[in-house]
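Peer 1: For chain A, the structure is supplied; the task is to place chains B and C on it using the hints.
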Amino acid sequence: MAIKIILDKCTGCSLCVKTCPFGAIKVNAARKAEVDTVKCTLCGACVDSCKFKAIELVKTQERCVMPGIENYKGIWVFIEQKKGKVQSVAYELLGKAHELSGKLGCQVSGVLIGHGMDDQLDELFWHGADNIYLVEAPELANFQDEPYTNILVELIKKHKPEIMLCGATAIGRSLISRVAITVNAGLTADCTGLDIDPKRKILLQTRPAFGGNIMATIISPNHRPQMSTVRHKVMQPMAPDKHRKGKVIRETFPSSLYASRTRLLDIVEEVESLVNIAEADIIVSGGRGMGAKDNFKILEELAHVLGAAVGSSRAAVDAGWMPYSHQVGQTGRTVAPKIYFACGISGQIQHLVGMQSSKIIVAVNKDPEAPIFKIATYGILGDVMEVVPSLTKAFKQALNK
Amino acid sequence: MDYLLTEEQKMIKELAHKIAEEKIRPVAAKYDLTEEFPWEVMKVAGESDMFGLFIPEEYGGMGVNVLNLCLATEEFSRACGGIAVCYAASALGTFPIVLFGNDQQKKKYLPDLAKGKKIAAFGLTEPEAGSDAASIKTTAVKKGDYYILNGMKHFITNGGDAETYTVVAMTDKNKGARGASAFIVEKGTPGFTFGKKEEKLGIRASSTRELVFNDCKVPAENLLAKEGMGFIVTMKTFDMSRPGVAAQALGIAQGAMECAAKYARQRVQFGKPISSFQGIQWMLADMATEVEAARALVYACARAIDAGCKDVGRDSAMAKLFASDVAMKVSTDAIQILGGYGYMKDYPAEKYMRDAKITQIYEGTNQIQRNIIGLQLIKDMAK
Amino acid sequence: MNIIVCIKQVPETTEVRINPETNTLIRDGVKSIINPFDMYAIEEAVRLKERFGGKVSVVTMGPPQAECALREAISMGADDGFLVCDRAFAGSDTWATSYTLAGAIRKIGAFDLIICGKQASDGDTAQVGPGIATHLDIPQVTYVKKIEEAGEKSMRVERMLEEGFEIIETPLPALITVVKEINDPRIPSLKGMMRAKSAKITMLGQKDLNLNTTKIGLCGSPTQVVKIFTPPQRQGGQMLQGEAAEAAKQLVGLIKDEVN
Numbered sequence: 423m424a425i426k427i428i429l430d431k432c433t434g435c436s437l438c439v440k441t442c443p444f445g446a447i448k449v450n451a452a453r454k455a456e457v458d459t460v461k462c463t464l465c466g467a468c469v470d471s472c473k474f475k476a477i478e479l480v481k482t483q484e485r486c487v488m489p490g491i492e493n494y495k496g497i498w499v500f501i502e503q504k505k506g507k508v509q510s511v512a513y514e515l516l517g518k519a520h521e522l523s524g525k526l527g528c529q530v531s532g533v534l535i536g537h538g539m540d541d542q543l544d545e546l547f548w549h550g551a552d553n554i555y556l557v558e559a560p561e562l563a564n565f566q567d568e569p570y571t572n573i574l575v576e577l578i579k580k581h582k583p584e585i586m587l588c589g590a591t592a593i594g595r596s597l598i599s600r601v602a603i604t605v606n607a608g609l610t611a612d613c614t615g616l617d618i619d620p621k622r623k624i625l626l627q628t629r630p631a632f633g634g635n636i637m638a639t640i641i642s643p644n645h646r647p648q649m650s651t652v653r654h655k656v657m658q659p660m661a662p663d664k665h666r667k668g669k670v671i672r673e674t675f676p677s678s679l680y681a682s683r684t685r686l687l688d689i690v691e692e693v694e695s696l697v698n699i700a701e702a703d704i705i706v707s708g709g710r711g712m713g714a715k716d717n718f719k720i721l722e723e724l725a726h727v728l729g730a731a732v733g734s735s736r737a738a739v740d741a742g743w744m745p746y747s748h749q750v751g752q753t754g755r756t757v758a759p760k761i762y763f764a765c766g767i768s769g770q771i772q773h774l775v776g777m778q779s780s781k782i783i784v785a786v787n788k789d790p791e792a793p794i795f796k797i798a799t800y801g802i803l804g805d806v807m808e809v810v811p812s813l814t815k816a817f818k819q820a821l822n823k
Numbered sequence: 405m406d407y408l409l410t411e412e413q414k415m416i417k418e419l420a421h422k423i424a425e426e427k428i429r430p431v432a433a434k435y436d437l438t439e440e441f442p443w444e445v446m447k448v449a450g451e452s453d454m455f456g457l458f459i460p461e462e463y464g465g466m467g468v469n470v471l472n473l474c475l476a477t478e479e480f481s482r483a484c485g486g487i488a489v490c491y492a493a494s495a496l497g498t499f500p501i502v503l504f505g506n507d508q509q510k511k512k513y514l515p516d517l518a519k520g521k522k523i524a525a526f527g528l529t530e531p532e533a534g535s536d537a538a539s540i541k542t543t544a545v546k547k548g549d550y551y552i553l554n555g556m557k558h559f560i561t562n563g564g565d566a567e568t569y570t571v572v573a574m575t576d577k578n579k580g581a582r583g584a585s586a587f588i589v590e591k592g593t594p595g596f597t598f599g600k601k602e603e604k605l606g607i608r609a610s611s612t613r614e615l616v617f618n619d620c621k622v623p624a625e626n627l628l629a630k631e632g633m634g635f636i637v638t639m640k641t642f643d644m645s646r647p648g649v650a651a652q653a654l655g656i657a658q659g660a661m662e663c664a665a666k667y668a669r670q671r672v673q674f675g676k677p678i679s680s681f682q683g684i685q686w687m688l689a690d691m692a693t694e695v696e697a698a699r700a701l702v703y704a705c706a707r708a709i710d711a712g713c714k715d716v717g718r719d720s721a722m723a724k725l726f727a728s729d730v731a732m733k734v735s736t737d738a739i740q741i742l743g744g745y746g747y748m749k750d751y752p753a754e755k756y757m758r759d760a761k762i763t764q765i766y767e768g769t770n771q772i773q774r775n776i777i778g779l780q781l782i783k784d785m786a787k
Numbered sequence: 033m034n035i036i037v038c039i040k041q042v043p044e045t046t047e048v049r050i051n052p053e054t055n056t057l058i059r060d061g062v063k064s065i066i067n068p069f070d071m072y073a074i075e076e077a078v079r080l081k082e083r084f085g086g087k088v089s090v091v092t093m094g095p096p097q098a099e100c101a102l103r104e105a106i107s108m109g110a111d112d113g114f115l116v117c118d119r120a121f122a123g124s125d126t127w128a129t130s131y132t133l134a135g136a137i138r139k140i141g142a143f144d145l146i147i148c149g150k151q152a153s154d155g156d157t158a159q160v161g162p163g164i165a166t167h168l169d170i171p172q173v174t175y176v177k178k179i180e181e182a183g184e185k186s187m188r189v190e191r192m193l194e195e196g197f198e199i200i201e202t203p204l205p206a207l208i209t210v211v212k213e214i215n216d217p218r219i220p221s222l223k224g225m226m227r228a229k230s231a232k233i234t235m236l237g238q239k240d241l242n243l244n245t246t247k248i249g250l251c252g253s254p255t256q257v258v259k260i261f262t263p264p265q266r267q268g269g270q271m272l273q274g275e276a277a278e279a280a281k282q283l284v285g286l287i288k289d290e291v292n
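Chains as they are written, first to last, in my numbering: chain A, 423 to 823; chain B, 405 to 787; chain C, 33 to 292.
One chain only, chain A, in its complex shape (with noise of 0.2 Å):
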């Protein structure tokens, strides 16, 4: 594959070198746009901003096509359980599958690894499950790299899934990485939006990069099944429907796929004083306008009286005022409240990449040329110490606190 600039439509218009993102093209001393081949990753984001048609990616090689992708039916997901629960990424994965089979025609499944899962099987169903391949053993009941690995791998090899999702957490990331690999799939990770394209019928995966700076829209075409994993929060599960049943198809494999050469020796929780603030509905937090670690406690209060969990900017975790658990931000953790408060926050683009999806935000911050007030939805300019009591107050009453 080659990238080629037909130089007698070109007009150095400069289009091309605005929508590189790889600053991959400049335009020459001659007017002409001219490609940096080590930059240029040929993604053809230039090919298609051209007024003039005067980019070409020339196919020198035709891309490797896995046989057989006709006969991949289906959308799988990974049921991702800890201690025998299942987790709710799980359910929002169900919910998505369930929107995109229905743009596919075919079936939902749901793959189901641990020990001792019966009781969950039906809730699976109601949020949109049509099959759960059902995976179970002692030695299954926690999560190990090589043997869901495996499991997973014969699984697909047996029953051919066209589309295969899990969630973009510690386990899944870990684990679909391997399977990709193994069954020679694409895997697009932290995928934020999915969807069929209506002519190829192929999965259409946009995902954040940069950072969050840019988008991508990623696909698969040539080879099955085509993976992506996403992040909790980011989909919708679907309103349970307790009339839904399902298949539940249990597959048992030689006991030499379930070993592990590593070894779970312990498994140590650490539990939080205040609420985990991925699974939260409101989030108040605090940054670097909070001016020290006391400053927090009137946080606490109006996060008390909202049920909400208390959140961090990085540089109040690097302040040491807050733990890094509840840091939020692209070396943080991404969250989707439905309100997100911003005390005392800038709203740079590292903190913005990890909360901008919330519903709705609340910018508190004394400077009014503070970034994060063009994203809020709703912004008081004011000193913290002043505005937050104030809120909780105003909260107290309105909720009869």
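Keep in mind the hints are simulated off the structure, nothing from the lab. Relax, there's no trap hidden among the hints.
Think about it this way: if two alpha-carbon atoms lie no more than 30 Å apart in a straight line, the pair counts; the simulated DSSO-like pairs of lysine-lysine are:
{"no.": "1", "chain 1": "C", "residue 1": "Lys63", "chain 2": "B", "residue 2": "Lys666"}
{"no.": "2", "chain 1": "C", "residue 1": "Lys247", "chain 2": "A", "residue 2": "Lys579"}
{"no.": "3", "chain 1": "A", "residue 1": "Lys454", "chain 2": "C", "residue 2": "Lys259"}
Peer 2: Okay, now just chains B and C, sitting in the frame of chain A:
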């Protein structure tokens, strides 16, 4: 301006800059407030081989090079003059051993100093002997295999936190300036205690304490060079370390100027950033020119010392005098550019001015520097 | 202990800005740095070497300028560097990248441990580490926040999860990916920087690795990017006027129904 630094010098400047931005700047305001000694910064500087820049290779250092020392001190000072002086004052306390120590003394003390495992300090100044250094009253009396030290030093940088002290005391009062001798004294030596820690206007991360000698028994083998060499050791040490003070002043000036320029671009008054006003541009232009002139003097002087030029006393006096006066002027102007915000402790500008002031005073007041320069000038005219 | 660290040179995304007129990334003057998570990998490898002896080799797949990332790793204490670079590898997605790197690692030689950073700050996929482990058929432990014990044949580590951690024992050779809780990367020393300047960097191209051509570059990449666009900007809403108490009352009125 391109000073045609060698690859190695560029590396040192780059590394010092990294340490300054990643390790010094984040804690500068905190240490300025609490006056705590910045041990973890010293540890990073030690592990990065920065303390080796004033110690010969055969004793674990990177080789003595005054320009290298200046480059490091300048970059550290850009982030915090107080933390930088903890480093530079260790150089001051180490030079007597580097220049006049015998092999045994060098082997004993230099390796730890090169790695920053131990910090050094120089003890000369006394309550009655500041500029008039020859009037020191601390005595050192030989008794068998020891010298007994009695007396007090004050305003000693790194005092109390350093482990290795080079102290100047009178061994023979009758010989006047020729009656002083220099000794290496270790912290913890019986009879050697510390007085109060001074609370200072600036360079507050640096600790300044009194050294108290009460029948302190110092082993005779800790005498540097010979009896009577005390002030020669001092003068030669200052010749090497003076560019370091100049570099500290230079770094402070550079930091203050950058702070002001950055602010001027953001601050909008009368609908425009104040950097678009000619008055501000002229101030910044003057600041930049003065800083560059100071830099040229400091680097040239440091290079001359490294090249082994004789008679560098006058040059290093000029560098120290000029750079410190520039630091004071530039940091004061920086506050002016920040206006009301410049006066508030919430903003970094005022710290630069507080830190700059001492550079006009210690390691020879600027008045003494002028004496040195003036006398040398007259001497040269007489030829 | 022979350790291989896989690193990636990435643009410093904190500096990446969007051109307000065209809504595209401004790439000019954006510095290239070692992927922040890889710094923790390099530091951990050097610490293990300091404890157990052995060698740390750093490998990266990238354009020729990625060489300075390798030298920076050497200045922190790694022993040598390998640059996997060839036009044939261009356009690789994570599948082809992990295949190529696995091939390079086989060429570099025997190892006890491979350490990778959790994810790269430009792609953010966290797939290459596990991918390499799978291609090499070695066990993996991801999100390692502490190495409790290490020996010749095995290692015991703490693996970070969302609400706590697991203690896992793995035989060696193995691959681990590390998170920032594991250590504080050191500032290089001058001696290290000087050593890095003259250190040997070995270039590995397709002719050295002889990889299956259907598994490298574009051909070996199951995923393809079809579109790049700027995300729809979230618009600002309303600024609430008045003193603190007044603004608070207004806000409560507007959103109190959203609060359960």
